[in-house]
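Chemist: What follows is the residue order along each chain.
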Amino acid sequence: MKSLTRLFAIMHKELLQILRDRLTFGMIVGVPLLQLTLFGFAINTDVRNLRAAVADEANTSLSREMIADMSASQVVDFQYHVDSPMELNRLLDAGLISVGLHIPADFDRRVQQNAGQAAQLLVDGTDPVIQGVARQLTAMPVSFDSRVSPRNIALIELRNFYNPERRSAINVVPGLIGVILTMTMVLFTGLAIVRERERGNLELLINTPIKRTELMLGKILPYVVIGLIQVTIILLLGRFLFQVPIRGSLLDVFIVVLVFIATNLSLGLLISTVAQTQFQAMQIAFFFFLPSILLSGFMFPFHGMPLAAQYLAEILPLTHFVRLIRGVMLRGADLNLMLTDILALLLFLGVTLTMATLRFSKRLD
Amino acid sequence: MHHKSEFVIVANGLTKKFGNLTAVNNIELRIPEGVIYGFLGPNGSGKSTTIRMLCGLLSPSSGTVRVLGLRVPEDVEKLKQKIGYMTQRFSLYDDLTVNENLQFMGEIYALPRRHRKERIRDLMMRFNLEEKANQRAGTLSGGQKQRLALAAATIHAPRLLLLDEPTSAVDPQNRRDFWEMLFGMAEQGTTILVSTHYMDEAERCHRLAILDQGELVADGSPKELAEAIAVQVIEVSAIEPNKARAALHRVSEIFSITQLGLQLRVLLPRNIQAAEQLVIERLQANGVDAHVRSVQANLEDVFVAVTEKHHEGRMA
Numbered sequence: 000m001k002s003l004t005r006l007f008a009i010m011h012k013e014l015l016q017i018l019r020d021r022l023t024f025g026m027i028v029g030v031p032l033l034q035l036t037l038f039g040f041a042i043n044t045d046v047r048n049l050r051a052a053v054a055d056e057a058n059t060s061l062s063r064e065m066i067a068d069m070s071a072s073q074v075v076d077f078q079y080h081v082d083s084p085m086e087l088n089r090l091l092d093a094g095l096i097s098v099g100l101h102i103p104a105d106f107d108r109r110v111q112q113n114a115g116q117a118a119q120l121l122v123d124g125t126d127p128v129i130q131g132v133a134r135q136l137t138a139m140p141v142s143f144d145s146r147v148s149p150r151n152i153a154l155i156e157l158r159n160f161y162n163p164e165r166r167s168a169i170n171v172v173p174g175l176i177g178v179i180l181t182m183t184m185v186l187f188t189g190l191a192i193v194r195e196r197e198r199g200n201l202e203l204l205i206n207t208p209i210k211r212t213e214l215m216l217g218k219i220l221p222y223v224v225i226g227l228i229q230v231t232i233i234l235l236l237g238r239f240l241f242q243v244p245i246r247g248s249l250l251d252v253f254i255v256v257l258v259f260i261a262t263n264l265s266l267g268l269l270i271s272t273v274a275q276t277q278f279q280a281m282q283i284a285f286f287f288f289l290p291s292i293l294l295s296g297f298m299f300p301f302h303g304m305p306l307a308a309q310y311l312a313e314i315l316p317l318t319h320f321v322r323l324i325r326g327v328m329l330r331g332a333d334l335n336l337m338l339t340d341i342l343a344l345l346l347f348l349g350v351t352l353t354m355a356t357l358r359f360s361k362r363l364d
Numbered sequence: 000m001h002h003k004s005e006f007v008i009v010a011n012g013l014t015k016k017f018g019n020l021t022a023v024n025n026i027e028l029r030i031p032e033g034v035i036y037g038f039l040g041p042n043g044s045g046k047s048t049t050i051r052m053l054c055g056l057l058s059p060s061s062g063t064v065r066v067l068g069l070r071v072p073e074d075v076e077k078l079k080q081k082i083g084y085m086t087q088r089f090s091l092y093d094d095l096t097v098n099e100n101l102q103f104m105g106e107i108y109a110l111p112r113r114h115r116k117e118r119i120r121d122l123m124m125r126f127n128l129e130e131k132a133n134q135r136a137g138t139l140s141g142g143q144k145q146r147l148a149l150a151a152a153t154i155h156a157p158r159l160l161l162l163d164e165p166t167s168a169v170d171p172q173n174r175r176d177f178w179e180m181l182f183g184m185a186e187q188g189t190t191i192l193v194s195t196h197y198m199d200e201a202e203r204c205h206r207l208a209i210l211d212q213g214e215l216v217a218d219g220s221p222k223e224l225a226e227a228i229a230v231q232v233i234e235v236s237a238i239e240p241n242k243a244r245a246a247l248h249r250v251s252e253i254f255s256i257t258q259l260g261l262q263l264r265v266l267l268p269r270n271i272q273a274a275e276q277l278v279i280e281r282l283q284a285n286g287v288d289a290h291v292r293s294v295q296a297n298l299e300d301v302f303v304a305v306t307e308k309h310h311e312g313r314m315a
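Residue numbers (numbering that gives the first Met the number 0), protein chains in the order written: chain A, 0 to 364; chain B, 0 to 315.
No incorrect hints appear here.
Not close to chain B: a few residues of chain A, all C-beta gaps over 10 Å, as computed:
no., residue
1, Leu32
2, Val46
3, Arg63
4, Gln78
5, Tyr79
6, Asp82
7, Leu136
8, Thr212
If you want the footprint, here are the derived chain A segments under chain B, 3+ residues with CB under 8 Å:
no., region
9, 10-22
10, 202-209
No wet-lab data here; the hints were simulated from the structure. Every residue, glycine too, gets a C-beta built ideally from N, C-alpha and C.
Build out the structure end to end from the sequences listed, making use of the hints.
Modeler: Quick look at the structure:
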């Protein structure tokens, strides 16, 4: 009973402080709103209108037809017509174009003889997405007659499951829930205890009968509520702004989210027992944040990474969350099929929470 | 079954080392119930470290502590409901109001709801905080903050109150009011341990320990200390105190000269015969015109005398 009174005292105090700190409150609502609209509209893997230049030394009907075909695909936009491949190089170096097409003078002969490559595509290799697009362009058919040759029919038919319209938002939004939660939850709790230490509140608190677990839980629980509010905002925006479906049950979504929130909060607590200042807490949080975004499968396909990176990613909670939330929201998968990921999150939660509680001492030395 | 000790705090051989630095060295303490007990010492003398060890915030490197009959740090969690602690720096929440801060502390000490309300109303009245009830603590003045901190530290009516330099950020009027409140609490039976570097505050304590470089160099009531010190004080009043000072500077028997306006307080060991005469002769020899008389030692003299002797002892 006394324990509950103390727990509620900490929670109540924490809520009052959150509501009064305009910056924190702004982050709670602002971060999901801003990031969702930003990422939702900006992240676009379906590339169009790459700036390009062409050096057409052949200038035949065939070469002109190929240029027209490429333009029609809308993948490239030929903004420059130059005379020599050297000028293509210059434009690439200057960063004015991403793709340069060089058609040599003997283009027609090369196509006719069907010997080796007929034209050359110069690509800005600093961007992995542009490289991928260039590969698509090389597959474009070129032939003298307009009859449909057998090779023009694709050998393999592509059927896009779960996201037939290839809308980026559908790929991005579920993972973005995880990214936003990682960012805000870890940071909030990371700062929560360090701030008390910095301001001297902790010296007073540890001289009261409050217990470690009461203090820890009292600090975490308000942020669980905040995390749920954030997720609700994201889900609603995703539904109405980007038409992101929730194919699984809403209950499953929130179960997954709840476990993930708790995981991040306990990580934040652990950070706060290590960091001495708010600045340090922030640094540690970001040290953790970057690999989470890059390795979790949110940005790049998980199995495309080297094996070592995959092992590393398995340690990160976001990896498991991205799998779970995409499964539930997009594939409508049953949670029972993804128990290993849930268990991984729970294991992470247990380990970090235990470490945080052990590390937090009611002494100053 | 241990018999009830008449002492609220008993410390034996209390020592704290931080690496190579010995912050507190072999301190013995016997603090009786119901008194205001002062720790007097300059910054870095080990006052805060000692207080922190007494309430279990720091664990001693060696030595034993019993507070209210409980072993520290082993039984410190049982102790926390019975002691109040006020940190050197204001450590309540700046972004909560006076009322919310007290509510919070009342809940942390798990006071029953009805009792809590009454207690807070009572404290706000006693510490003159009623008008500030809904003001954020961060916007209070130094004196108001300190009264709030004291109210919070005593919300659970502790038997023992530990105050670490409570008046360092407060003006003289507020300091006087603050001490009136402490006396009120002591009369009701609360034992109060207070650290300070103000001589006038130390003089108001019932009992006093002088700390210097981590060691307890003297203790007793202020009066006892003043009587017991082996020092005599000669007061020199001169138009040109600088000259008088220069004249006395190289007298080997004198171990301290303190200037107070136009007066010098000259400290000599008590065993020097005809000290007054010695000073007069010395001044005349240097052609300084001054009025010389013997006076009672005050607490500041005690402090200077014991710490000076302490340093000499270290050098020897």
